[in-house]
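Novice: Put together the whole structure using the sequences plus the hints.
First residue of the sequence shown: 0, per numbering that gives the first Met the number 0; consecutive thereafter.
Hints listed in this document are in silico derivations from the structure and should not be mistaken for laboratory results.
Predicted model only: the values in this text are computed from it and were never measured.
Note that CB positions come from ideal geometry on N, CA and C, so glycine has one too.
Do not rely on the hints blindly, as some may be mistaken.
As the list claims (entries may be wrong) - Listed next, the in silico DMTMM-like pairs over lysine to aspartate or glutamate satisfying Cα-Cα at most 25 Å (straight line): (1) Lys137 to Asp57; (2) Lys137 to Asp221; (3) Lys137 to Glu225.
What the hints assert, rightly or not - Simulated restraints, written as ranges between beta carbons of each label pair: (4) Ile45 to His114: 27 to 33 Å; (5) Tyr69 to Ile160: 49 to 55 Å; (6) Ser106 to Ile45: 51 to 57 Å; (7) His114 to Thr80: 23 to 29 Å.
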Amino acid sequence: MGFSYVATPVAFMNYVSLAKPTSKRWGQSTGFAVIGSLICYLSLAIIGYVSFGDQVRDNIFMSFPYSDPYVNFARLCMIITMILTFPMMFYPARSTLNVVFRFETESKQPTRNEHLFTTISLFMLCVISSVLITNLGKTYELIGAFCSSGLAYLMPAAIYISLFWTQENVKLVNNSNEVTPLLTSIQPPTLQRTWSYDISVVILIVFGTLALVIGTGTTLMDILFET
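Specialist: In structure tokens, the structure reads:
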């Protein structure tokens with residue numbers, strides 16, 4: 000689930016590029032994209048398991064010899080893909096850090112020093128992580144345990160709390176004159192605070208926190224002991 004959010008920088012671009020951008024057509028196009036990705040992933044996973052059985056590595060390239068020219072070409076394609084993908088993910092991450100650190104607001108842009116600080120800090124974090132974590136499978140596990148727990152459980156709970164547990168935000172949401180959807184053809188759903196939602200939010204927070212702490216801690220321990 001964490002990796003599914005790499006598509007967010009181009010989501011609105013894809014929506015606008017539709018011949019008739021409507022909510023129904025957007026749902027159909029994203030559904031076909033998810034199904035197509037699922038078929039591709041399952042095909043490669045099944046082929047890898049059929050070829051190597053329970054000896055298949057988490058990084059399937061590690062199961063092939065280094066002298067195979069075709070596999071080496073696939074490795075090269077993987078490297079090129081990562082080189083081209085990294086900047087696309089780096090820019091929104093840096094922009095998010097600028098907002099978190101209050102370097103970027105509605106009336107202010109980051110200064111040169113602030114821009115350098117967030118850029119170098121984020122880049123060094125990526126470099127240090129890539130040096131310390133050499134196992135691609137452990138990288139996926141770490142991202143899945145840390146990011147997916149936050150995206151699947153903690154983020155929905157945080158959004159609900161910010162909308163319905165803060166009186167100021169409740170007034171802002173309930174005032175239809177102050178809400179202008181970014182995509183006017185998609186009407187936002189009308190939600191109201193209920194006790195069942197409140198209980199669900201508490202359950203999400205507790206379960207998500209446990210999943211994040213236990214999953215991330217276990218993966219980090221495996222990485223440290225393996226190192």
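Novice: Are Lys137 and Asp221 close enough, with their CA atoms no more than 25 Å apart?
Specialist: Since the Cα atoms of Lys137 and Asp221 sit roughly 8 Å apart, the hinted pair holds (cutoff 25 Å).
Novice: Verify the proposed pairing of Lys137 with Asp57, using a straight-line Cα cut of 25 Å.
Specialist: 9 Å, holds
Novice: Taking 51 to 57 Å as the hint, is the beta-carbon distance of Ser106 and Ile45 inside that range?
Specialist: Holds: the Cβ-Cβ distance is about 54 Å, inside 51 to 57 Å.
Novice: When you check the alpha-carbon spacing of Lys137 and Glu225, does it fall within 25 Å?
Specialist: 10 Å, holds
Novice: Holds or violated: 23 to 29 Å for the Cβ distance of His114 and Thr80?
Specialist: Holds: the Cβ-Cβ distance is about 27 Å, inside 23 to 29 Å.
Novice: Cβ-Cβ distance between Ile45 and His114: within 27 to 33 Å?
Specialist: Violated, since Ile45 and His114 (Cβ atoms, about 46 Å apart) do not stay within the stated range.
Novice: Holds or violated: 49 to 55 Å for the Cβ distance of Tyr69 and Ile160?
Specialist: 52 Å, holds
In this structure, only the earlier hint numbered 4 is contradicted, and the remaining ones agree with it.
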